[in-house]
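Chemist: Residue numbers (my numbering), protein chains in the order written: chain A, 581 to 890; chain B, 7 to 474; chain C, -5 to 539.
The set of hints was computed from the structure by calculation and includes no laboratory data. Among the clues, some could well be false.
Said to hold, decoys possible - Below are the EDC-like pairs computed for lysine to aspartate or glutamate, each with C-alpha atoms no more than 20 Å apart in a straight line:
(1) Lys396(C) with Glu330(B)
(2) Lys223(C) with Asp55(C)
(3) Lys203(C) with Asp668(A)
Computed from a prediction, not measured in an experiment: that's the story for all the values here.
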Amino acid sequence: MLKYTLGRILSGLVTIWFIATATFLAMHAVPGDPLMNEKATTPEIRENLARKYGLDKPIVEQYVIYLGNMVQGDFGISFTQQNRKVNDIIQDHFPVSAALGILAITFAALGGILWGALTALYRNQLPDIIIMFLVILGISVPSFVFAALGQLLLVNINQWFNISFLPVAGWGTFAHMIVPSLVLGLGTMALLTRLMRSSMLEIVNEDFIRTARAKGLSPSRIFFQHQLRNAILPVVTVLGPQIAAITTGGFVVELVFAIPGLGRYFVQAVQQLDYTVIMGTTVFYGAFLVFMVILVDIIYGFIDPRVRLK
Amino acid sequence: MIPHPALQADDFTPELSTDSLEQLSRPSLSYWQDAWIRLKKNTRAIISLYLIIGLALFTILGPFLWTKDPSAQDLDQISQAPALPKTALLVSDYLPWTPPVDQGHPAEPTGYPDTLDAVTGFATMGTPNTQSIRLTWSPVQDAGGYSIYRSESEPSGLQGLGLPLETIDAGNILGFEDRLNLKSQTYFYSIIPTDGLDEFDVVTTLKVTPVQSITMSQALERGLIDPSDAPGRSVSLAFHPFGTDYLGRDMLARLMQGARVSLFIGVVAPFIYVLFGVFYGGFAGYLGGKIDQFLMRFADFVVALPFLLFMILFKIGFGIGPGESGILPMLVALILLLWPSTARLVRGQVLKIREQGYIEAARLLGGRPSYLIARHIIPNTMGVILVTLTFAVPSAIFTEAFLSFIGMGVAPPTPSWGSMCNEGVKTMLSHPHELFFPALFISITVLAFNLLGDGLTEALDSKMRSRE
Amino acid sequence: MLDFDFRDLESMTMPKFFILTLFLFAFSNPILAQSVDAAAQTVKIALAQEPPQLNNMTATDQVSIFVLGHVMEGLTRYDRRGNLAPGVAERWALTEDSATFWLRKDAKWSNGDPVTAHDFVFAWRNVVDPKTASQYAFILYPVKNAEAINQGNKPLTDLGIEAIDDFTLQITLERPTGYFLKLTAFVTTFPVQEKFYRATGSAYAADSKDILYNGAFRISDWVHSASLKMEKNPNYWNSEAISLEVIDAEYITADTRARLNLFIDDKIAYTQLDGETYKDALNNQFRIKKFVTGSVYFLEYNYRPERITHNKKLRQAIQAVFDADEFVNKVLQTPGNLPGASLFPSWIMGVNKPFRQEYPAVVTRPDLAKAKQLLQEAKAELGLEAIPPLILLVSDSPTATKQAEYMQGMLKTKLDLDLKIDVQTFKQRLAKMTNGDFDIVGAGWGPDFDDIMTFGDLFASWNLNNRGRYNNPEYDRLVRKAMNSNDPEVRMAAMAGLQTIVHEDAIILPMYEQGVIYLQHPKIKGMRRTVVGSDPDFTYARIVP
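Full structure from sequences and hints, please.
Modeler: Okay, structure coming up:
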């Protein structure tokens, strides 16, 4: 197991290196000058900026310098956020996104497993149909609509009752997280519901379930010990990358709810061609994703001993 | 105690032996034949089939039946909610208007007044119509100017005055013309006198309902009248059953045109990348070991790439010029970047399934890997695959909208459902129809594919056969 | 069907729901704080984005300038009525070729040190230093040798600024600059203490503790991307004139609807509305205010010889068919915008009155017949059967796309001209603008300083912001004439000449002067909206009970 894990970590590092390299190349291949701004500047000013950020050097040299710094854990200074270190940006904003993301994933996983199981049990009956319609609504309407509607609902509740039931936007307390995380987790919850339903249906007729029923186990015991455990595999598979994606920030939700998460830096950095922030956030996300995937593969083995990993 | 029924000898007559009795088994059907038969029996699948046919007709035949130009702008009917056909009063072309000035009245007050009287004689000039509403009033003693507000509901005192239309800086200018996005509805105009700087707390309100109107040149341009027609007659305006958007374009025509882009991207892209993901994941999971490791690390690599950056790169790489459709590069890019999640999911399922007895048995009987994957493994992961497929549909539709917005998909004025949604969201409270219709069509599409997915799952799953 | 009892499941998950509900109430203690507090003189607002550059020497964006205008002060400043007033300088003398400022002795930095003339010398040298690479270095170009230094042709010490003693500052001017005093109220010209700047190393202005304040407020708390709190600066020389104790930007979001919701919920006391949100504000019966931002939006043509837009008749045809009035009323739809008529906005001052009142711009009604005639002439001149599609480069903002779509539809129906809309993200658009990869580009210009010249020299052949490379010796001559004169009559006459050239040569197609509508808590008094500098200005605001 230890050897396996070490091997995985090593291959993960190689993956991260590839991610960094591909992003670095793509970033430099995209047209547009990161140092150019709305107001035109003289060539002298541009040269000086290029020197400051090390963009005057040949691209190979820039790459080597960047990799060298990256290995030492230094992602450099942002081009657009005055004098701010990319490390600080990640350090300041990742915990925010992560807190929100974990709550969102919790909502999504609990909801998805519960609803999914329900729809499977009541296949083609009313609960199944209702939940399916909700799921379809959930994935056909873009998340920013839900964000806007969620916020509007909060405002109206606060207005009607004339109390601050939940804050409309902002960050700081647990109360600030509830609605944004629900909105953020909605898509994942819908996906998990459907996945859970379909894998539950596959299991319901398996021999071991029939055996369990035949030997007189209580329905809830069959459900939890046999069905759930066997059906949850696809959910776990999806959860790994989903956790990585959600906990590194949902741009729309952060925007609408004024949450200081990492998501806005992802989007802004590409729009602004902020080289160091693009690299920093991408490599960080890549590393996190690789870690989650390794974790999921290890969890596989625990959930389903039949899955052999070599 | 139940009495035993007495049995007679003739209770035991032998059944006639016929040849048909020998054929107890159903006709031999292949897996796919069987699936097709069961699919036809599945109500969900049938509903979905009708929905898909309906969508196809809407997309393909729609534009022939509803021939309105989807990019024709009708500035007289901006953001119109679905309504019955309207008629409008034909008026002559707009000419700039100079508000009346009372030369006998000072423009600026002498000294600073402590109080000002409310404006009197606040009235309209001419016939208020949707081209312009002209207001006039009598001068107020010592006033240095006036502020004019417009509201769609009656203000109560100084509350709810509405939009600040104009601040006039002279006490002797006695008129104002409003042309700001006028509709044929009731407006409440409020006027407040000022000393040139601050508004005083007296307000006069006027209720005005303009008539729907259209200018000669606009009516001519849209072919609604003959050049010989004179102002004053009534003209039927273009009919928009689903209302119009922010530039007065016909929603129905736009939905039909948008369907092409959205359905193409929403169906083709997911189909291809899910298919690719299925085989990629299938092989990775089945082969396992080092190959699995390598393939999955490559999948991780693709997932982690910054999507937006690579989209820009693809656009450049394909050499899409301004105003040209970027549908194809977008399709390629979506396929290249979005397959890994399906691959991972399928691989996870395969890891589980390949250890099951029947796979072992098939392998021992000499089944080649590709045969095992196609015949045994993938059909057994069909449920999961179909779920990802149905989820990929809306996500592709919205990705298209996002990419079009940043100039990477279809070029304006070509609409798509996703981009219509994006536009509609902003005005979802004031003009809900601009969000509702595109969202409805996306929902119908997603519903159709979900029902089809459900139907297929049940039809394809061999284990479910026993339950019917 | 499986005979499964739903209640089993329900009973298992109930505790979870219970705990969740408990959490919800435990943490959501009613937040009673409101957007304004008269007793504590506190106002809460939202920022549209995190201020990216709080180093005043390099700041260029609105949010940074808003914050800096409250926490720092230059030689001069704007008073509560919007007139130029003494700032760090107590009095001054301006001549054709020099300016002298006598600094007040009680102006202090937030660390207690006095603000001296040396702090200005350091800051100004730093601004024009090519190593600083400040985009706003051109603000100081009226100072002797500034431009040469900025282009790396002269040493820093040649800059025409000298500290005669700690409290006397002597500026030598490159040319007569009547508006020089107004420049000294702009953030780029604010002082920076050398000692402190050096001590922070490369981290100057990266955090609230990395800036030294000399303004009415100081940043007491800055959580990146989350909040920024400004408190009254006790060291400020004029602190008794400041009523507000705290300006608390508790939220940072660019979403106007989110900000409107915060306003409705009484969490913020000021927010700007847009075409999409104002109807919702109306429904809430708020008193809506309007304000002209001072920016002019127009379409700029490409004059490079290989582009057909260098043909004057073609541009005039578009000009003859465009209806600015319809555009403002039907497409923009928000009150406050004015139909575009000139390069110069209507608020710009002339000799005694607003420039546009002294020299009215030519306003014509659209004339389709004339436009078609001009288009025919254009085709003949260009030797083309039909005009090929024109490329309209726009940014990826919803409003820009909407406006472009209007133009596209309008030109197609009226003149049968095809327009291809090239939507580009920020940096890609800039690259295309710089390389001249467009026929028409949607552009806007906001004033950098309070003088007509901030617009006037835009299409001078040497101006780098002249992206279409318009080159007209007569235009250049008029700009030079206005630049080298201190006589308002001469300058405005030259600018009137420019206005005529802009119209007759159809250099640009003026679309609109931007107006905005906003909501302001009725208890805030004295908040000043301003076209130049820190907007809105809360410096002299107060909360009435």
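Chemist: Now look at each hint and say whether the structure bears it out.
Modeler: These are the hints, each one checked on the structure:
| no. | hint | result |
| --- | --- | --- |
| 1 | Lys396(C) with Glu330(B) | holds (18 Å) |
| 2 | Lys223(C) with Asp55(C) | holds (19 Å) |
| 3 | Lys203(C) with Asp668(A) | holds (15 Å) |
Checked against the numbered hints given earlier, this structure breaks none of them.
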